[in-house]
Amino acid sequence: MMHPFEFKIMTTGLIMTVALFLAGCQALNPKPDTSLYQQLGERKGIADVVEDLLYLIVEDKRINQQFKGMDVVQFHRNLTDQLCELSGGPCTYTGRDMRELHAAMAITDTQLNALAENLILAMEDNDIPISAQNRLIKQLLPLYPDIRNL
Amino acid sequence: MSKWPLVSLVAAVLAAPAVIADIGSRIWATGGVTSIEGSAGGGLVPWALLGSYASDEEWGGTLAISRAVTDDYSLSVIGAGLNWNNRIEVTVAQQTLDLDSLVFTLKDGFGLEQDELRQDIFGAKVRLTGDVLYSPWGQWSAGLQHKRLRNFTVPEAIGARDDSGTDVYFSGSKLFFAALMDRNLLVNLTARGTRANQGGLLGFGGDRNNRYEWMMEGSAGLFLDRQCLVGAEYRQKPDNLGFAAENDWWDLFVAWVPDRRLAITAALVNLGDVATLEDQQGLYLSFQGSF
Numbered sequence: 001m002m003h004p005f006e007f008k009i010m011t012t013g014l015i016m017t018v019a020l021f022l023a024g025c026q027a028l029n030p031k032p033d034t035s036l037y038q039q040l041g042e043r044k045g046i047a048d049v050v051e052d053l054l055y056l057i058v059e060d061k062r063i064n065q066q067f068k069g070m071d072v073v074q075f076h077r078n079l080t081d082q083l084c085e086l087s088g089g090p091c092t093y094t095g096r097d098m099r100e101l102h103a104a105m106a107i108t109d110t111q112l113n114a115l116a117e118n119l120i121l122a123m124e125d126n127d128i129p130i131s132a133q134n135r136l137i138k139q140l141l142p143l144y145p146d147i148r149n150l
Numbered sequence: 001m002s003k004w005p006l007v008s009l010v011a012a013v014l015a016a017p018a019v020i021a022d023i024g025s026r027i028w029a030t031g032g033v034t035s036i037e038g039s040a041g042g043g044l045v046p047w048a049l050l051g052s053y054a055s056d057e058e059w060g061g062t063l064a065i066s067r068a069v070t071d072d073y074s075l076s077v078i079g080a081g082l083n084w085n086n087r088i089e090v091t092v093a094q095q096t097l098d099l100d101s102l103v104f105t106l107k108d109g110f111g112l113e114q115d116e117l118r119q120d121i122f123g124a125k126v127r128l129t130g131d132v133l134y135s136p137w138g139q140w141s142a143g144l145q146h147k148r149l150r151n152f153t154v155p156e157a158i159g160a161r162d163d164s165g166t167d168v169y170f171s172g173s174k175l176f177f178a179a180l181m182d183r184n185l186l187v188n189l190t191a192r193g194t195r196a197n198q199g200g201l202l203g204f205g206g207d208r209n210n211r212y213e214w215m216m217e218g219s220a221g222l223f224l225d226r227q228c229l230v231g232a233e234y235r236q237k238p239d240n241l242g243f244a245a246e247n248d249w250w251d252l253f254v255a256w257v258p259d260r261r262l263a264i265t266a267a268l269v270n271l272g273d274v275a276t277l278e279d280q281q282g283l284y285l286s287f288q289g290s291f
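Going line by line, the protein sequences match chains S and Y. Counted from 1, the first sequence has number 43 at position 43 by our numbering; the numbering is strictly sequential. Counted from 1, the second sequence has number 112 at position 112 by our numbering; the numbering is strictly sequential.
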């Protein structure tokens, strides 16, 4: 039977080893992965996708009322910056906190699915490769609870 | 129940998209397809996904016809399903198994004149929690399949105890985005409590075992793009009858979903030994219309 104190030292040692190992890997790979950003066509490509997305939203009666009265130019800039940043590009999202922004909107799954569909269609219209579409959506997934206010 | 009214209904649904204005909002192919027991899933295995494209404020429905032809049998299935708010799925299916070669075994061995077995399946599935796309832990559902054989003579003669039974199952499904070669990977795991012999077509319970057993079923598929899913399924089976050993089932499938209204599934199926006839391999083809 191992003494609890011995066990604690061993565990601490193990955690430190793993931490050092991870830090080493990070040091070997200091640059952020920008391949997704490149695949999306950099900021210009992302801006084109967002523009097409806006046209699709306006025509989509499932969600267009949620966007009524918003500043289109500001929305375009903020979402472009956000997707640029999430894809590893040199941008910073300067819009409001996502949870705070969506708190009063009571967005349903139906509306979120409609938005996701329009984003995919906008990416298809701009010939974004499937691999990049999938990688971008993967980066967006952590926003789901904030947007749905869960 | 003739299959032609259903076929014409499917055709009408597909031909008249303008009449049925709003199909559900869920993302393409997230309704799965209609399994051989009517529940949304793959071909052989029910998944945690609910049929059609109804999202949380919508209704949706599906109609499907399927056929599997193996060395010595052919199975035809017609099915229909309704989905309320992506919360509850209700399905009906009718399976007809043409016995083909087994007719002679039955006649010589048991003196029975029977060329087909037919069963009705009434299914219900509830999405308990999560969303297959958006939840990190995936989507989890529980379901029932109540099965009633139309004619019990053959199953009874070979040792089955009951002409009806109810399977219960718990299922989890999760889509992993950009998981393999930056393609999306769909993984499903189902645990089924059952007494059914060959899915129920050979009755329920038997001389070797008459109790419920938990069977594991699983599948994985890779979306090559948003219309095309390729994958495999595995379904563990009970072995209740002394008359003939029952094997696990598996298949390799391709599902093509060109549009939310249509899904076409083709598969190579391996049903193992079925009622003394060995190594049943064949082709499966299924058409599903959604509205």
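Keep in mind that the hints are not guaranteed to be accurate.
[Claimed, not checked] Sample of chain S residues facing chain Y (criterion: CB under 7 Å; computed from the structure):
{"id": "1", "residue": "VAL73"}
{"id": "2", "residue": "ARG96"}
{"id": "3", "residue": "ASP109"}
{"id": "4", "residue": "THR110"}
{"id": "5", "residue": "ALA116"}
{"id": "6", "residue": "ILE130"}
{"id": "7", "residue": "LYS138"}
[Said to hold, decoys possible] Per label pair, the in silico range of CB-to-CB distance:
{"id": "8", "chain 1": "Y", "residue 1": "ARG87", "chain 2": "S", "residue 2": "ASP71", "range": "32 to 42 Å"}
{"id": "9", "chain 1": "S", "residue 1": "ASP97", "chain 2": "Y", "residue 2": "THR129", "range": "23 to 33 Å"}
{"id": "10", "chain 1": "S", "residue 1": "ASP127", "chain 2": "Y", "residue 2": "VAL230", "range": "46 to 56 Å"}
{"id": "11", "chain 1": "S", "residue 1": "ASP146", "chain 2": "Y", "residue 2": "ASP279", "range": "50 to 60 Å"}
{"id": "12", "chain 1": "S", "residue 1": "GLY95", "chain 2": "Y", "residue 2": "GLU57", "range": "24 to 34 Å"}
{"id": "13", "chain 1": "Y", "residue 1": "TRP84", "chain 2": "S", "residue 2": "ASP125", "range": "27 to 37 Å"}
{"id": "14", "chain 1": "Y", "residue 1": "GLY193", "chain 2": "S", "residue 2": "ASP127", "range": "41 to 51 Å"}
{"id": "15", "chain 1": "S", "residue 1": "PHE75", "chain 2": "Y", "residue 2": "ALA232", "range": "37 to 47 Å"}
{"id": "16", "chain 1": "S", "residue 1": "ASP71", "chain 2": "Y", "residue 2": "ASP248", "range": "31 to 41 Å"}
{"id": "17", "chain 1": "S", "residue 1": "PRO129", "chain 2": "Y", "residue 2": "ASP100", "range": "18 to 28 Å"}
{"id": "18", "chain 1": "Y", "residue 1": "VAL126", "chain 2": "S", "residue 2": "HIS76", "range": "32 to 42 Å"}
[Unchecked claim] Here are some chain S residues pointing at chain Y (derived, C-beta under 7 Å):
{"id": "19", "residue": "ARG99"}
{"id": "20", "residue": "ASN113"}
{"id": "21", "residue": "TYR144"}
The hints are simulated quantities; they were obtained by calculation from the structure and are not laboratory data. Heads up, the beta-carbon is just placed ideally off N, CA and C, and yes, glycines get one too.
We went through each hint and held it up to the structure:
no. : hint                             : verdict
1   : VAL73                            : violated, 28 Å
2   : ARG96                            : violated, 22 Å
3   : ASP109                           : holds, 4 Å
4   : THR110                           : holds, 4 Å
5   : ALA116                           : holds, 6 Å
6   : ILE130                           : holds, 5 Å
7   : LYS138                           : holds, 4 Å
8   : Y/ARG87 to S/ASP71: 32 to 42 Å   : holds, 36 Å
9   : S/ASP97 to Y/THR129: 23 to 33 Å  : holds, 26 Å
10  : S/ASP127 to Y/VAL230: 46 to 56 Å : violated, 24 Å
11  : S/ASP146 to Y/ASP279: 50 to 60 Å : holds, 53 Å
12  : S/GLY95 to Y/GLU57: 24 to 34 Å   : holds, 27 Å
13  : Y/TRP84 to S/ASP125: 27 to 37 Å  : holds, 33 Å
14  : Y/GLY193 to S/ASP127: 41 to 51 Å : holds, 49 Å
15  : S/PHE75 to Y/ALA232: 37 to 47 Å  : holds, 44 Å
16  : S/ASP71 to Y/ASP248: 31 to 41 Å  : violated, 59 Å
17  : S/PRO129 to Y/ASP100: 18 to 28 Å : violated, 48 Å
18  : Y/VAL126 to S/HIS76: 32 to 42 Å  : holds, 41 Å
19  : ARG99                            : violated, 15 Å
20  : ASN113                           : holds, 4 Å
21  : TYR144                           : holds, 4 Å
Hint compliance for this structure: hints 1, 2, 10, 16, 17, 19 are not met, and every other hint is.
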